[in-house]
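In full-length UniProt numbering, the protein residues as written are 1 to 400.
Hints may be right or wrong, so weigh each one.
Derived lysine to aspartate or glutamate pairs resembling EDC-like cross-links, with alpha carbons at most 20 Å apart [as the list claims (entries may be wrong)]:
| id | residue 1 | residue 2 |
| --- | --- | --- |
| 1 | K286 | E135 |
| 2 | K29 | E107 |
| 3 | K348 | E151 |
| 4 | K298 | D283 |
| 5 | K30 | E107 |
| 6 | K124 | D148 |
| 7 | K286 | E337 |
| 8 | K312 | D302 |
It should be emphasised that the hints constitute simulated quantities derived from the structure, not laboratory data. Here the structure is a predicted model, which is why all the values come from computation and not from measurement.
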Amino acid sequence: MALFRYQAINETGKTISGKINAENALAAKKKLSQSDLTVFEITELKSSRHKTRITLATAEKALFIRQLATLLGAGYTLEKALQSCARQSQSAKIQTLSQALYARVSEGIPFYRALGEYPKIFDKTFCATVSAGEESGHFATILERLADYAEGANQLKDSVKQALIYPIILFVVATLMIAYLLINVVPDVVNVFNRSGQSLPLMTNALLALSELIRQYGLIFFGALVVLIFLVKRYVNKADNQRAWHALWLKLPLLSPIIKSYHAANYSLTLSMLLNAGVRLVDALKIANQSLANAAMKAVADNAYQEVQKGKSLAQSLMTEKHVFPGMLIELIDSGERSARLAEMLGKAGQIYQHQSQSRIKTLTALLAPVMILIMGGLIFLIVLAILLPIFDLNETINR
Numbered sequence: 001m002a003l004f005r006y007q008a009i010n011e012t013g014k015t016i017s018g019k020i021n022a023e024n025a026l027a028a029k030k031k032l033s034q035s036d037l038t039v040f041e042i043t044e045l046k047s048s049r050h051k052t053r054i055t056l057a058t059a060e061k062a063l064f065i066r067q068l069a070t071l072l073g074a075g076y077t078l079e080k081a082l083q084s085c086a087r088q089s090q091s092a093k094i095q096t097l098s099q100a101l102y103a104r105v106s107e108g109i110p111f112y113r114a115l116g117e118y119p120k121i122f123d124k125t126f127c128a129t130v131s132a133g134e135e136s137g138h139f140a141t142i143l144e145r146l147a148d149y150a151e152g153a154n155q156l157k158d159s160v161k162q163a164l165i166y167p168i169i170l171f172v173v174a175t176l177m178i179a180y181l182l183i184n185v186v187p188d189v190v191n192v193f194n195r196s197g198q199s200l201p202l203m204t205n206a207l208l209a210l211s212e213l214i215r216q217y218g219l220i221f222f223g224a225l226v227v228l229i230f231l232v233k234r235y236v237n238k239a240d241n242q243r244a245w246h247a248l249w250l251k252l253p254l255l256s257p258i259i260k261s262y263h264a265a266n267y268s269l270t271l272s273m274l275l276n277a278g279v280r281l282v283d284a285l286k287i288a289n290q291s292l293a294n295a296a297m298k299a300v301a302d303n304a305y306q307e308v309q310k311g312k313s314l315a316q317s318l319m320t321e322k323h324v325f326p327g328m329l330i331e332l333i334d335s336g337e338r339s340a341r342l343a344e345m346l347g348k349a350g351q352i353y354q355h356q357s358q359s360r361i362k363t364l365t366a367l368l369a370p371v372m373i374l375i376m377g378g379l380i381f382l383i384v385l386a387i388l389l390p391i392f393d394l395n396e397t398i399n400r
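Start from the sequences and build out the full structure, keeping to the hints where you can.
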């Protein structure tokens, strides 16, 4: 049972409001009509059934969208497609989600609003795109494109995960090894030479000082680091600071090309998908801007949206701040606007930058392992060398 707030007109023409429990909105309206009330507004206030916390992995989300798009393309109604997903899917989470969405849609709730009740799965851009597809009559096509996008995102995520497994394991093992050497091995070895009265090399003394610092204040340093990370994250998440922080990332030599390519791909593909579905450019820009997670790029895109509303071209509007959006993207947009093939050119640009970002991410992650080996190996070598130097000095003394 769910709780609904309603506003209705009674037999005397007076507007009244109240609350009623019912299975769904249609059942609530039926109950009220039996009491000679004409309902003109009804809103659900409480429903534990719909507040079920459902989460889907990226792969499961892509699978669900693909299944739904395929069924809609085969001529199924949305309700029938959701029922089929609930019955046939091998994933229990997809079954639960399909059942919950079917219940909402059968109550007359628009599909994009039903999706919006699960923000951890479907973000605002996704819901707005679905809404545009429903209104334009290209619902199945939009879902097919969203499925392609979700599958591409899942493949990229999996490839990055696989590439990072080895460097992460290497980093953890090397860090533990270095910590063990500094905390346990170095002090014991050095104390042997101290008791013999032998003077220690500068490098060994420095390592001993570092070892003592870690042993006495290691936990304090770790706690301070955690607090610092928390404070920086809190500072960066403030709207006033986020744009400056994200703009700084766009200037980093190695990361800037990846970030720009990734967001340019999302922006272009979303715009292309919406324009192909018959959505007006102004409305498509409003939706596509939400796909930009980088605040600096979103600010430029939001400004471009306002300029396009005034009649300016999209290419000119995006050039207000140079070096934010890739130059080739702006050139392709300009070409598309001049030739009346904007959706096509945006689609091509999206594919170019999608492949480019994937290639750059794979290259960067592939370089992490050898770089990590060099750095960690170098640190371990310095520690071992600092331990061995007093032994070398002792041997020289004996030989004399």
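Each hint tested on the structure:
1. K286 <-> E135: Given that 20 Å is the threshold and the Cα spacing comes to 16 Å, the pair holds.
2. K29 <-> E107: At roughly 11 Å apart (the allowed maximum being 20 Å), E107 and K29 satisfy the hint.
3. K348 <-> E151: The given pair, whose Cα atoms are some 18 Å apart, holds under the 20 Å limit.
4. K298 <-> D283: holds, 16 Å
5. K30 <-> E107: holds, 12 Å
6. K124 <-> D148: Roughly 18 Å separates the two Cα atoms, so the pair holds.
7. K286 <-> E337: Holds, at roughly 18 Å.
8. K312 <-> D302: holds, 13 Å
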